[in-house]
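Chemist: Okay, here's what each chain looks like letter by letter:
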Amino acid sequence: MLAYVVRRLLWLIPVLFVVAAITFTLMHMVPGGPWDRAKRLPPQAQANVERKYGLDKPAWRQFSDYMIQLAQGDLGVSYQQLNRPVRAIIWDGAKTSGTLGLIALAVAIFAGIGLGLLAALRQNTVLDYLSVTFATFGASVPAFVLGMLLLILFSAYLHWLPTGGWGTWRQAVMPVTALSVLPTAYIARVTRAAMLEVLQQDYIRTARSKGLRENVVVLRHLVRNGLIPVLTVLGPVAAALVTGSFIIEYLFDIPGIGRYFVTSISARDYGMIMGTTLFYTTVVVVANLIVDILYAVVDPRIRYN
Amino acid sequence: MAEAMPGAEALREAIELPQRYRSLWGDAARRFSRNRTAMLGLIVILILATMAALAPVIQRHDPTFQNYSSLRESPNGEFWLGTDLLGRDQWSRLVHGARISLSVGVLTEAVALTIGMIVGLTAALGGRGLDNLMMRVTDIAYAFPDLLMLILLLSIFGPSFLMIFFAIGLVSWPTLARLIRGQILSLQQRDFVLAARAMGASRLRIVVTHLLPNTLGPVIVAAVFGIPFAIFAEAALAFIGLGLPPPTPSWGRLVTDGYSAIRSSPHLVLFSTLAIAITMMSFTFIGDGLRDALDPRTR
Numbered sequence: 022m023l024a025y026v027v028r029r030l031l032w033l034i035p036v037l038f039v040v041a042a043i044t045f046t047l048m049h050m051v052p053g054g055p056w057d058r059a060k061r062l063p064p065q066a067q068a069n070v071e072r073k074y075g076l077d078k079p080a081w082r083q084f085s086d087y088m089i090q091l092a093q094g095d096l097g098v099s100y101q102q103l104n105r106p107v108r109a110i111i112w113d114g115a116k117t118s119g120t121l122g123l124i125a126l127a128v129a130i131f132a133g134i135g136l137g138l139l140a141a142l143r144q145n146t147v148l149d150y151l152s153v154t155f156a157t158f159g160a161s162v163p164a165f166v167l168g169m170l171l172l173i174l175f176s177a178y179l180h181w182l183p184t185g186g187w188g189t190w191r192q193a194v195m196p197v198t199a200l201s202v203l204p205t206a207y208i209a210r211v212t213r214a215a216m217l218e219v220l221q222q223d224y225i226r227t228a229r230s231k232g233l234r235e236n237v238v239v240l241r242h243l244v245r246n247g248l249i250p251v252l253t254v255l256g257p258v259a260a261a262l263v264t265g266s267f268i269i270e271y272l273f274d275i276p277g278i279g280r281y282f283v284t285s286i287s288a289r290d291y292g293m294i295m296g297t298t299l300f301y302t303t304v305v306v307v308a309n310l311i312v313d314i315l316y317a318v319v320d321p322r323i324r325y326n
Numbered sequence: 061m062a063e064a065m066p067g068a069e070a071l072r073e074a075i076e077l078p079q080r081y082r083s084l085w086g087d088a089a090r091r092f093s094r095n096r097t098a099m100l101g102l103i104v105i106l107i108l109a110t111m112a113a114l115a116p117v118i119q120r121h122d123p124t125f126q127n128y129s130s131l132r133e134s135p136n137g138e139f140w141l142g143t144d145l146l147g148r149d150q151w152s153r154l155v156h157g158a159r160i161s162l163s164v165g166v167l168t169e170a171v172a173l174t175i176g177m178i179v180g181l182t183a184a185l186g187g188r189g190l191d192n193l194m195m196r197v198t199d200i201a202y203a204f205p206d207l208l209m210l211i212l213l214l215s216i217f218g219p220s221f222l223m224i225f226f227a228i229g230l231v232s233w234p235t236l237a238r239l240i241r242g243q244i245l246s247l248q249q250r251d252f253v254l255a256a257r258a259m260g261a262s263r264l265r266i267v268v269t270h271l272l273p274n275t276l277g278p279v280i281v282a283a284v285f286g287i288p289f290a291i292f293a294e295a296a297l298a299f300i301g302l303g304l305p306p307p308t309p310s311w312g313r314l315v316t317d318g319y320s321a322i323r324s325s326p327h328l329v330l331f332s333t334l335a336i337a338i339t340m341m342s343f344t345f346i347g348d349g350l351r352d353a354l355d356p357r358t359r
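In the order they appear, the protein sequences are chains A and B.
Per this note's numbering, the very first residue in the first sequence carries number 22; after that it's consecutive.
Per this note's numbering, the very first residue in the second sequence carries number 61; after that it's consecutive.
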């Protein structure tokens with residue numbers, strides 16, 4: 022198991038290298054440079070800033086310098102934020118984005134599994150139909166469209182909630198709701214289907230017939246087995262929450278990493294572009310790894326060698 | 061011997077069941093048509109497609125004409141869905157936008173399907189070395205954050221119509237490639253493939269008549285579920301300033317323009333987001349219906 026985790030983490034290195042190479046190539050293909058202004062810099066000043074940031078060197082040299090820096094954990098400095106280290110900017114943004122994403126993920130997991138389990142245990146009752154209806158509609162409206170509809174209703178018409186910003190719970194309600202409805206619906210659907218399948222298994226009947234209390238049957242036998250397919254979708258869901266949050270950050274004016282990424286491309290802030298892309302890639306790979314480890318925890322039949 | 065045949069005759073009659081022969085697709089079509097939400101989705105999409113095709117006929121005004129004597133009107137008899145900040149008729153812009161959103165959705169999936177098919181098939185059929193190579197490429201493409209790749213590509217090549225669906229297709233293929241590879245690998249273990257091989261069918265024949273048709277179901281379902289993502293991606297890109305350049309009335313553009321006027325005329329953003337939500341929902345319903353219809357186990 023440990024060897025497996027280590028191998029998967031080592032696999033992250035070539036992935037990051039290739040992603041870095043692709044991003045580096047693409048971002049240098051974007052026309053224009055970081056110091057192009059309506060009013061051009063004097064040629065000498067231009068040459069000076071370029072030398073200062075190593076942009077006068079050939080492209081391969083810039084890339085290898087960057088990779089050597091990266092290996093030492095240094096992501097360089099941002100051009101647009103007065104030489105602030107990229108690592109510090111990403112860390113600040115990640116705290117905000119991470120908080121938003123994790124709250125939304127927690128809501129989605131608890132509400133989704135709860136709703137799906139309840140629907141499966143009360144199959145073909147009003148409760149079941151309500152939860153299926155919610156899951157069907159909720160799973161097809163993206164966060165950003167939902168966010169807009171919430172804004173219209175609660176900010177533009179009712180004036181109950183602020184349109185944007187970050188820091189108070191009132192500012193968090195709409196972005197968290199917008200982000201979590203889709204994964205909640207999705208998780209509820211998968212949970213309901215998985216639980217219904219497990220409910221038909223012989224071991225559930227055995228557990229009941231040997232006189233186990235219903236909550237023991239549900240928690241020990243049903244939930245533990247029924248959660249495996251749910252875990253499968255958690256990886257993509259977590260990754261989508263992290264990367265998907267950036268349109269929501271833009272919409273609700275939340276100072277997370279997503280916003281920096283969008284502005285850094287238009288500013289040709291090379292260090293920021295590389296840093297945020299590599300950061301997101303790491304998050305996606307690690308999220309998938311965590312899910313794979315969770316499989317082995319929940320299902321003893323799965324072993325990694 | 062002939063006297064012993066009546067029993068065999070009865071047996072043969074019993075084997076030739078009275079019901080009609082059901083092909084996979086005929087059966088799927090029948091089960092799809094019994095699925096009410098799926099049919100609702102299909103009808104909505106057909107209506108939208110008709111509206112998109114007839115956009116120049118059913119438009120009430122020129123969608124790009126800026127009528128300065130009717131700025132920011134609320135919905136009324138002349139302007140069914142109101143007008144925007146520049147006095148353009150929202151209804152006309154919406155029906156023209158349907159053309160763009162629907163074609164982005166469908167064409168994008170065509171691009172994604174082509175790449176996914178090539179990569180998935182090469183991986184599954186090309187032997188160990190190619191499989192490893194292709195799957196590592198897919199892993200990396202999968203790990204690369206979608207929206208970031210889109211933003212980079214569109215910043216480089218500019219947001220033209222062709223580029224938008226090419227770029228979205230370019231980030232959507234890894235899921236399809238993985239699915240196709242997985243399907244083919246598991247089908248190769250099945251008895252009917254073994255039987256075909258034992259009867260001396262060539263490799264090409266096995267691929268074309270046994271493997272490909274059987275992967276088609278799940279692949280179509282996955283492709284249909286990809287359409288809403290493409291429509292969403294176009295809207296999201298427009299929202300961060302990388303959509304089709306104005307005055308092209310794509311739905312993403314309408315949402316973006318509406319958002320900037322959300323306080324004074326919330327109806328602008330309302331109608332365009334509803335259009336996007338309804339379209340995405342309809343495609344999801346169709347995808348759900350297809351999945352149930354094409355999976356024989358859910359019968």
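Keep in mind that a hint or two might mislead.
[What the hints assert, rightly or not] Simulated restraints on C-beta separations: (1) N145/A <-> P273/B: 32 to 38 Å; (2) T284/A <-> P307/B: 21 to 27 Å; (3) L245/B <-> R229/A: 53 to 59 Å; (4) F221/B <-> R72/A: 37 to 43 Å; (5) T189/A <-> S220/B: 39 to 45 Å.
[Claimed, not checked] Residues from chain A that face chain B, not an exhaustive set, calculated with beta carbons under 8 Å: (6) V26; (7) A42; (8) T44; (9) M48; (10) G75; (11) Q101; (12) F158; (13) L172; (14) F175; (15) V237; (16) V239; (17) Y271; (18) V307.
Derived from the structure by calculation, the hints contain no laboratory data.
Ideal Cβ positions, reconstructed from N, Cα and C, are used throughout, including at glycine.
Chemist: Please go over all the hints and tell whether each is borne out by the structure.
Modeler: Here is what the structure says about each hint:
1. Taken as a hint, the range 32 to 38 Å holds for the pair N145/A and P273/B, whose Cβ atoms sit roughly 36 Å apart.
2. For the hinted restraint 21 to 27 Å between T284/A and P307/B, the CB-CB distance of approximately 25 Å keeps it satisfied.
3. Between L245/B and R229/A the CB atoms are about 38 Å apart, so this pair departs from the stated range of 53 to 59 Å.
4. Against the hinted window of 37 to 43 Å, the Cβ-Cβ separation of F221/B and R72/A comes to about 41 Å, which satisfies the hint.
5. T189/A and S220/B have their C-beta atoms about 42 Å apart, which keeps the hinted 39 to 45 Å range intact.
6. For V26/A, the interface hint is violated, since its Cβ never comes within 8 Å of a Cβ in chain B; the closest pair sits about 17 Å apart.
7. Hint on A42/A is violated. Least Cβ distance to chain B is approximately 10 Å, over the 8 Å limit.
8. Proximity of T44/A to chain B holds as hinted, the smallest CB-CB distance being about 7 Å (cut-off 8 Å).
9. Satisfaction of the interface hint for M48/A is found here, the shortest Cβ-Cβ separation to chain B being roughly 6 Å, below the 8 Å cut-off.
10. Interface hint status for G75/A: violated, as the beta-carbon distance to the closest one in chain B is roughly 21 Å, over 8 Å.
11. Hint status for Q101/A: violated, given a least beta-carbon distance of 15 Å to chain B, over 8 Å.
12. Hint on F158/A holds. Least Cβ distance to chain B is approximately 7 Å, under the 8 Å limit.
13. For L172/A, the suggested interface contact is upheld, since its CB lies about 6 Å from the closest CB of chain B, less than 8 Å.
14. With its C-beta approaching chain B no nearer than about 11 Å, F175/A sits outside the 8 Å limit, and its interface hint is violated.
15. Given hint, V237/A at the interface with chain B, is violated; its Cβ is 31 Å from that chain's nearest Cβ, farther than 8 Å.
16. The beta carbon of V239/A comes no nearer than 25 Å to any beta carbon in chain B, farther than 8 Å, and the hint placing it at the interface is violated.
17. For the restraint placing Y271/A at the interface with chain B, the shortest Cβ-Cβ distance is roughly 6 Å, inside the 8 Å limit, so the hint holds.
18. Contact between V307/A and chain B, as hinted, is not supported at the beta carbon level, the nearest pair being about 10 Å apart and thus beyond 8 Å.
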